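**Q** Sequences and hints are given; from them, build the entire structure.
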Amino acid sequence: MQTVGSKQGVARRDFAPWTDHTLAPLLRIEGLTKRFGAYPAVDNLSLAIYPGEFFALLGPSGCGKTTLLRLIAGFERASAGRILLDGVDLLPVPPHRRPVNMMFQSYALFPHLTVAGNVAFGLKQEGLPKAQIAKRVGEMLALVHLENFGSRKPHELSGGQRQRVALARSLVKRPRILLLDEPMAALDKKLRGETQFELMELQRRLGLTFIIVTHDQSEAMTVADRIAVMDRGHLMQVAPPAEIYEQPNSRWVADFIGSVNLFEGRVGLDGSSVEGTALGRLRVGAKIAAEPGAPVWVAVRPEQLRMGPNPAEPDAQWALENDVAATLADVAYLGDLSIYRLRTAAGVPLQASRANVGPFAPRTIASNDKVWLNFPRAAAIVLTQ
Amino acid sequence: MRKLSAFNLATLVLGIAFLYLPIVILIVYSFNASRLVVVWGGWSMHWYAELAGDAPLLGAAFISLRVALVSATAATVLGTLAAVALVRFGRFRGRLLFAAMIYAPLVMPEVITGLSMLLLFVAISVDRGFWTVVIAHTTMALCFVAVIVQARLVDFDMSLEEAAMDLGASPGRTFMAVTLPLILPAIAASWMLAFALSLDDLVIASFTTGPGATTLPIRIYSEVRLGVSPEMNAVCSIVVAVVGIAVIAASLLTKIGAARGAPAGN
Amino acid sequence: MSDAHKSMAKPRRSFVAKLVVRLPYAWLVAFFLVPFLIVLKISLSQTAIAQPPYTPIFDLAGGWHGIASFFAGLSLDNYAFLGSDPLYFLSYLKSLEIAALSTVMLLVIGYPIAYAMTRAPRRMQAVLVLLVILPFWTSFLIRIYAWMNILQHDGPLNRLLLALDLVREPPVWLSTNTAVYIGIVYSYLPFMVLPLYATLEKLDESLLEAAADLGCPRWKAFWLVTMPLSAPGVIAGALLCFIPAVGEFVIPDLLGGSRTAMIGQTIWTEFFANKDWPTASAVAVVLVCLLVTPIVIFQHQTMRGIERD
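Protein chains in written order, with the working numbering: chain A, 1 to 385; chain B, 1001 to 1266; chain C, 2001 to 2309.
Check before you lean on any hint, since a few could be wrong.
Straight-line alpha carbon distances no greater than 20 Å define the calculated SDA-like cross-link-like pairs of lysine to any residue that follow [unchecked claim]: (1) C/Lys2018 - B/Val1122; (2) C/Lys2275 - B/Arg1128; (3) C/Lys2202 - B/Ala1151; (4) C/Lys2275 - B/Leu1184; (5) C/Lys2041 - B/Ala1074; (6) C/Lys2202 - C/Trp2223; (7) C/Lys2275 - B/Pro1211; (8) A/Lys153 - B/Leu1184; (9) C/Lys2018 - B/Phe1175.
If you are wondering where the hints come from, they were derived from the structure by calculation, not from laboratory data.
Just so we're clear, the structure is a prediction, and the values are computed from it rather than from any experiment.
**A** This is the structure we're talking about:
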């Protein structure tokens, strides 16, 4: 399990409770397994989430992230394992008695109740006095900027408004943990971007713990303090966004998050190079944690590859010690950046990207041009699995 | 907007005419002043006035209404329970037999349903009358109710119920506060269907009825076997009018209900 | 993720939850299953035992011995009797023939109507569906009675035919097979049109556009695309009409002749007129067996349809 402490790339500079071993986690999952028939959707999974965290479960569809969320909410019965909230096992507790609330992907707004009725629903179940319910509903609607929509029915609202009602409804009970199942999947791209920041602001203002399920990498990287990357019921890596991107712990994670050039080789005798890759010998930044001769993979992000008409100067400021000649096959112009598809003389495909900075930055490279690619030792990520 | 071809338009007009013309002719003839059904004697309300004095006929109509009210209500309750059991209880012991018993009466010829009911009542020596007809109609109609409500429940968005439980409502409260209000239109529609089926039934009622519990269809049937009569034209026209207005009103109501969402449940 | 909900089934259920299953279950066992078993039993018993006055049919007090003697007392005499009298065989045959022929007629009439409905503008379609359903809500008996009016000797139909000089002598309609066919087609038309419409309506319009794009003329596209894809609706409609038509009683009784009775009438007569319960029960059991076959086919078809989806 990856509980390696790191504060790298965290939006809140001083917020990293997972590195503090004196803190008790809010939610602790131990050996949790959920099988549908013989197929394990969640497989012997352990995880600790701390108070105030914005935690993202990220993975391809069918990786078990939604099942994990539904296990926490109580909509699925675990096959094995424990879910401890403040040290108390949640598994025997039925969903309606768990102090967690969920925001559904479909929003699941009650179509026969008004906006205020929807938000009040959870408070009514607690048997609170009417005046108090009205007060809290009012506050909640104000928080999501829907003060004047209390008497509308859900079908009279726009998609974005409905999403905010769902959020208000799940927050009004002040849950110990708010579970969000793809909360922005139904919004269009522009609105999604704004909502992500609103959600982060809300979470910090209320000081609540959020667990979000998403298949959208950029969404997870935007909102989360830590991301758990899942595949086939397993946690592949749990770390802050920057660490996931810059220090993936496996080929799978490196390949799943963003784009990557991967080269297989063997650890060199000096312990800081990889030999026998498709690009020949590659020098890496640190000592490799494997015996010389062991099979490893070198991962290089496209934006780390620099392109030039000539080989890098040996004494260049960047110490661009890995060089390769290639021919440009295709360019995809995306506005903010361009993506270049290249091929070495030996036919190895490569991908590089470059930000299009400056007014009408001259894009001097065209198809079939010969270029030199180079990257610094530090940009080479060595993966042993 | 698509335009209908001449052929399709003609088909629709002929089809609708075929469905409605016999009923229209029946209604027109009910206003015929002449005692001879086939001779047109001018417009008259005579036969309707005649009906007001026909005590046995009014009695039969009253019995039919009572049977339909009681059996439709019982069938709606039992059928809704059956639908909930089928959709929401997963696999339980005897589920296959349960499902078979719900679908079988739908295709069972009425003659056989009636016959078997009668033999049961004889076997347990129950005097046949109002209640035996009610039981028979309830049994037949509950299967229709179960099928309609089941279809609605299958379509039901499960996340609504999960949301209610997530917000602290127990399974029972969830059903009452969320599920029931949302399937109410389907339940109302199936009550109406059960009511109409009961009001309409001749065969099953003939088998299971006893002295003093002659329903309207039995009464009409015994008259109609002897041939067409102006009084029967009038009776049938009234039934058609009542049912027609009720169905149109109900379908308008459900449309409004669907447009506005079901009424608020607080 | 689709069977996620099913796995929610709770192992322990409250008293109320148990009632939800048990109440309708008990009702159906008591008033559907048990009566049908009684019919089966009477059909297998000697005529003398089950005839009125109503002698006890079950001897539950007799315990195992009673049950053993009960099974010993069963006989197939009534079924042998059905085989010996051609009346029953002809009655079954006529029921099947009338049901099959009217199902074909219903298809021929119903298909163009259902198809035309799907071609109508969207908003009109809802009205058309209501118009097709509405007669179904008005009493069955009354709709048959309406045809008795029309088909009488001096009725509107004959007068129209005479006025148009289509016939010299007014034809006899009532008490003929023709009247039975008219009655069945008229009463069952909604059952044929609605499933056909439901299937045709779901048909993706772009399939026809694709066919046209690939050079297929409209009429041919109808034959090669629409027809094969509407097969589930055709089967559903045909069964919805055929099955109840076989057991039909009211239509042949009011509109048909008395020469050969349909099987529903035979059961009715055996029961009410002849008071021969065991024979009536045997006729009923054979009819159920006849009807089970198409139902099994239908089930099989729907299952295959569900799997395909």
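**Q** If a hint holds in the structure, say so; if it doesn't, say that too.
**A** Right, here's what the structure says about each hint:
Restraint check for C/Lys2018 and B/Val1122: not satisfied, since their Cα atoms lie roughly 31 Å apart, outside the 20 Å limit. For the suggested pair C/Lys2275 and B/Arg1128, the alpha carbons sit about 17 Å apart, so the restraint of at most 20 Å is met. With a CA separation close to 18 Å, the supplied pair C/Lys2202 and B/Ala1151 stays within the 20 Å bound. Among the hinted pairs, C/Lys2275 with B/Leu1184 is inconsistent with the structure: their alpha-carbon atoms are about 45 Å apart, more than 20 Å.
Using a Cα cut-off of 20 Å, the hinted pair C/Lys2041 and B/Ala1074 is violated, with the two alpha carbons roughly 29 Å apart. About 17 Å separates the Cα atoms of C/Lys2202 and C/Trp2223, which keeps this hinted pair within 20 Å; it holds. With a C-alpha separation of about 18 Å, the suggested pair C/Lys2275 and B/Pro1211 falls inside the 20 Å cut-off, and the hint holds. Simply put, A/Lys153 and B/Leu1184 have alpha-carbon atoms about 18 Å apart, close enough for the 20 Å limit, and the pair holds.
Taken as a hint, the C/Lys2018 and B/Phe1175 pair is honoured in the structure, with Cα atoms around 15 Å apart against an allowance of 20 Å.
The structure does not agree with the numbered hints 1, 4, 5 stated previously, though it agrees with the rest.
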